[in-house]
Structure formats: structure tokens, C-alpha cells
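Peer 1: The residues making up each chain are set out below.
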Amino acid sequence: MNCEQCRKLLIIEGLHRLSNQQKQEVREHIAGCADCAEWYKLETRLVAIASETANLQVSLQFVNSVMDRVKEIELSAGHQAREFNFSWLTLLRAVAAGLLIIVALASGIFLGQLTRQENATPFELSALDDSRLETIFMYNDN
Amino acid sequence: MYAERNSNKRLNDEDIVTLVLAGRTDLFALLVDRYKDRVFQTCMGFLHNRQEAEDLAQEIFIQVYVSLSGFKRRSAFSTWLYRIVINAALNMLRKKSKIAFVDLTTLNSSHFAMFKNDRDNPEQVLIETEDNSLLKEALDSLPDKQRAAIVLSYFNEMSQKEIAQVLDTTEGAVESLLQRAKKNLRKKLGESRRKNEQ
Ligand SMILES: [Zn+2]
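Taken in order, these protein sequences are the chains called A and B.
With the numbering used here as the guide, the letters of the first sequence map in order to residues 1 to 142.
With the numbering used here as the guide, the letters of the second sequence map in order to residues 1 to 198.
In case anyone wonders, no lab produced these hints; they're calculated from the structure.
Heads up, some of the hints might be wrong.
Stated by the list, open to error - In silico contact screen, one side only, chain A against chain B (beta carbon under 7 Å); selected entries:
{"no.": "1", "residue": "L42"}
{"no.": "2", "residue": "R45"}
{"no.": "3", "residue": "Q57"}
{"no.": "4", "residue": "L60"}
{"no.": "5", "residue": "V66"}
{"no.": "6", "residue": "M67"}
{"no.": "7", "residue": "R69"}
Claimed, not checked - What follows is a set of in silico ranges between Cβ atoms, one per label pair, in the way DEER data are often shown:
{"no.": "8", "chain 1": "B", "residue 1": "G190", "chain 2": "A", "residue 2": "N64", "range": "41 to 51 Å"}
{"no.": "9", "chain 1": "B", "residue 1": "S176", "chain 2": "A", "residue 2": "L91", "range": "56 to 66 Å"}
{"no.": "10", "chain 1": "A", "residue 1": "L92", "chain 2": "B", "residue 2": "E157", "range": "53 to 63 Å"}
{"no.": "11", "chain 1": "B", "residue 1": "D26", "chain 2": "A", "residue 2": "E25", "range": "16 to 26 Å"}
As the list claims (entries may be wrong) - 27 Å max Cα-Cα, derived DSSO-like pairs, lysine-lysine:
{"no.": "12", "chain 1": "B", "residue 1": "K145", "chain 2": "A", "residue 2": "K41"}
{"no.": "13", "chain 1": "B", "residue 1": "K187", "chain 2": "A", "residue 2": "K41"}
{"no.": "14", "chain 1": "A", "residue 1": "K71", "chain 2": "B", "residue 2": "K145"}
{"no.": "15", "chain 1": "B", "residue 1": "K187", "chain 2": "B", "residue 2": "K96"}
{"no.": "16", "chain 1": "A", "residue 1": "K8", "chain 2": "B", "residue 2": "K188"}
{"no.": "17", "chain 1": "B", "residue 1": "K136", "chain 2": "B", "residue 2": "K187"}
{"no.": "18", "chain 1": "B", "residue 1": "K136", "chain 2": "B", "residue 2": "K183"}
{"no.": "19", "chain 1": "A", "residue 1": "K8", "chain 2": "A", "residue 2": "K23"}
{"no.": "20", "chain 1": "A", "residue 1": "K8", "chain 2": "B", "residue 2": "K161"}
{"no.": "21", "chain 1": "B", "residue 1": "K96", "chain 2": "A", "residue 2": "K8"}
{"no.": "22", "chain 1": "A", "residue 1": "K23", "chain 2": "B", "residue 2": "K96"}
Every residue gets a Cβ at the ideal spot worked out from N, C-alpha and C, and that includes glycine.
When you get a sec, could you build the whole thing from the sequences and use the hints?
Peer 2: As C-alpha cells, then:
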């Protein structure tokens, strides 16, 4: 094995992916090559720090803790949805009430106008009559 | 009940996602159980601290749950999950570096405490632990993608093809990331060694 082959295995593949045969060849090469030996040392250290965590596990209550929070999220989402529905209902009620008021006002105005029109003719006529009478009286005075 | 639990365990990740989205939120526990240790180990690769890594792993699963409807099935669920893991870990490190009042001596002593092992030769243990500590510091100083490639390769034992999928890049680019990462690590370790010798 030459340096190029050795570095390809160590740097690109990584010590943790090599077969026993490849590891043996690498060891034979680094026995006489200081620079490749440095790459090998780095690999053994990387493998060592990774193996420190390889058997580590989360605490026993981990899944339950996550699921408790999932439930909290679901509850608050449900609550928000209810609030959302409630606000839509309120909005609908407000719109309905508004429409009722508008209808009531509109019909009030309409009825008022009708009443005014019904009263308007005799009153105006009588006023006209009075003024005419006044005029007549005036002329009479003279 | 037991039979249902057993048949649920046989469901694949994507089926579980479908069921969770359809309202079986309890089945999300299966995904958490399936990936909890691997996600935790990846977080350890970035944070080197058990409590912080577990807290982050929990946050990641919550983030996964909340954004589950955003999983478009263009990749495997595990690939999508690891993308979230890498992003969350890198974000956490960015936040931590912003509040970088980190006393390096405290950090190192906590590392010593955490990874203390019970081998016979205390001197050898100290040298190895110190070496590992320096390597972790060197790892922490790598650019994001190089660091992610190393963590996925060594802590998660992913193939280059799998790493490429998670990092959304090509296998060639992963090779290059690993190569540059290792060159940087050797350089930084050499510098630390020279500093220690002075
Ligand atoms: Zn060589």
C-alpha cells in the first residue's frame, strides 16, 4: 500500500468503515510512514470520541416527557380552535344584530316618512287657506 | 391492546406519520422511541454535554411533531428528521456562541467529569481525556457543514450517501467535506499541541 491509497482509506472512508483486511494493510503502511501515522491517530481519536456516546441512552422518562408536551400542544390547539369558533359565532351574532338594527331603523324611517306624507296634505292645505284668508282679510281692511 | 401495540411497532415511519396526522397523536410515541437514542447521540456529537443534548433532543421531537404536516415525503422520514436535528444543533451552537461567556477551564473539567472512565492507569486516562477534549474543541471550531459531516459519519455511522441526503448535497461533496474537515482537525490539533508545549 502506498501513501495515496492509505490516505484515501483513512481520510475519505474513515477507519470505522474499513474491513479488518484494510485495517491490517493500513497498520503495516503506517509502521514506516510518519505522516500517514498522524492521519491514523486522528482516525482512532475520532472513533474513540464517537464510541463514548455510542452506548449512551436518553433517560427513561424521555418518551413520556415528549408525549406530555405533545398533549399540551394538542390541548392548547383545541382550546384555540374553540376560541376561534366562538369568535366566529360572536361575529355572526353581531352581524345578525347589526342587520336587525339596520332593518328596524330603515323600516322606522320608511314608516315615519309615510306618516309625514299622510299628515302633510291637510296641514299644508290649511296653512295655505289661512294665508289666503289673511290676504283676503288684509284687502278687506283696506 | 398488547396485539395493537405489537402491530403498531411493525408500522413503518411514513405510515405512523400518516396516522398521527389523521389524529392518532399517541402513535407519535413510536417515532420518538424509535429515534430517541440516535437523535440524542447526534446532539452529543455537537454539544458534548449529556443534559444539554437530552434537552435539545426533546426540543427536536417537539419541533418534528409541530412541523409534521410539512413532511412532504420527498425523502425518507429519517432523512427529514436528521435535517431538523442538524439545523437545531447548529442553531443551538450559534445561540451558545452568542452567550460565549464560556470559561474554557470549566468546560474542560466538565468534560473530564463526564467522560471519566475507570481504567487502571490514571495518567493515561488523563492524557486520553485531555486529547479527546482538545479534539472536541477542534471539532467545535469547524465550519457548520464540515462539522455536520463528521458527526453524521462518526457519531451516527451514516454512509456518505446517507449524509449526502441529509445535507442535501452530492456524495462527492460529502467526500470533500470530510477531507477538508479532517485537514482542519489535524491543523487545529497541531496548533493546540504546540500551544501546550510552549
Ligand atoms: Zn504514507
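Peer 1: Now tell me, hint by hint, if it's right for this structure.
Peer 2: Quick rundown of the hints versus the structure:
no. : hint                        : result
1   : L42                         : 6 Å, holds
2   : R45                         : 5 Å, holds
3   : Q57                         : 5 Å, holds
4   : L60                         : 11 Å, violated
5   : V66                         : 5 Å, holds
6   : M67                         : 5 Å, holds
7   : R69                         : 6 Å, holds
8   : B/G190 to A/N64: 41 to 51 Å : 47 Å, holds
9   : B/S176 to A/L91: 56 to 66 Å : 58 Å, holds
10  : A/L92 to B/E157: 53 to 63 Å : 58 Å, holds
11  : B/D26 to A/E25: 16 to 26 Å  : 52 Å, violated
12  : B/K145 to A/K41             : 23 Å, holds
13  : B/K187 to A/K41             : 13 Å, holds
14  : A/K71 to B/K145             : 35 Å, violated
15  : B/K187 to B/K96             : 24 Å, holds
16  : A/K8 to B/K188              : 21 Å, holds
17  : B/K136 to B/K187            : 14 Å, holds
18  : B/K136 to B/K183            : 15 Å, holds
19  : A/K8 to A/K23               : 13 Å, holds
20  : A/K8 to B/K161              : 17 Å, holds
21  : B/K96 to A/K8               : 35 Å, violated
22  : A/K23 to B/K96              : 39 Å, violated
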